[in-house]
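Student: All chains should be modelled from the sequences, with the hints used to inform the complete structure.
Under the numbering used here, the residues of the sequence shown are numbered 99 to 331, in order.
Please note that a few of the clues may not be correct.
[What the hints assert, rightly or not] Cut-off 20 Å, straight-line C-alpha distance, at most; resulting in silico cross-link-like pairs (EDC-like, lysine to aspartate or glutamate): (1) Lys144 - Asp237; (2) Lys118 - Glu301; (3) Lys261 - Glu208; (4) Lys107 - Asp296; (5) Lys261 - Asp296; (6) Lys176 - Glu162; (7) Lys261 - Asp237; (8) Lys252 - Asp237; (9) Lys106 - Glu270; (10) Lys251 - Asp230; (11) Lys106 - Glu301; (12) Lys144 - Glu122; (13) Lys107 - Glu270; (14) Lys107 - Glu301; (15) Lys118 - Asp143; (16) Lys251 - Asp237; (17) Lys176 - Glu130; (18) Lys308 - Asp296; (19) Lys251 - Glu301; (20) Lys118 - Asp230; (21) Lys144 - Glu162; (22) Lys176 - Asp143; (23) Lys212 - Glu130.
Don't read these hints as lab results, they were simulated from the structure.
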Amino acid sequence: MTTVARYKKTIDFFRQHAPKAATELNYANPYELLVAVMLSAQCTDKRVNLTTPALFQQYPTVFELASASVDEVFGLIKSISYPNSKARHLVASARMLVDQYNGHIPSTIEELVKLPGVGRKTANVVVSVVFDQPAMAVDTHVFRVSARIGLTKKARTPLEAEKQLMRHLPTEVVATAHHWLILHGRYVCLARTPKCTDCGLTEVCLWFNKNQKNTQPDRRLPSGHNKLISDGV
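Tutor: Take a look at the structure:
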């Protein structure tokens, strides 16, 4: 199968089974999304969603967060991973946003990555979700799933994977494709025990055809994706 055909079949599948894929982080505005994505590094979206309500109640805008102390923020986010560094980054980023951007969230990756604690992945999420730009954020799920399917080949870093995906994905699906791959990795293509019998992409998946084809029963109905649809994804 050619690379073009593999991408087309993958996109067609997700368009049919997960047309409304979106972030599972709860947010109401660009400020809240930026904070939520910063908190989500090496942490589950579920844990972040349990943490942010109290944080946003205490600091409803970037201006309040910029006036907070690191210790105060730490007390509200201590249940998530790496709360010390994340508290420092949140306060420092808020102060930079107030001082240099009048409290507005920048709309470019180049500006966002200058904020303390904001890497390329976080910046890509913000510009794609908030500003509807064709940016591909590569987290551990996207990196793993794209490599297994064969959308990326021999990518050694997230940036290499990002460049390969951007080269082949149509511009109009890039932002949604990020969520397709994340959700597929989160619920179907698990890191240790991928649910190949629940996957509708086995026909195009390089990993499946190399490792699992002769050990898995034929399942044409992607029940894992039916679950995503029933859950409103």
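Student: Return the numbers of the hints above that this structure violates; sort them in rising order.
Tutor: 2, 5, 10, 21
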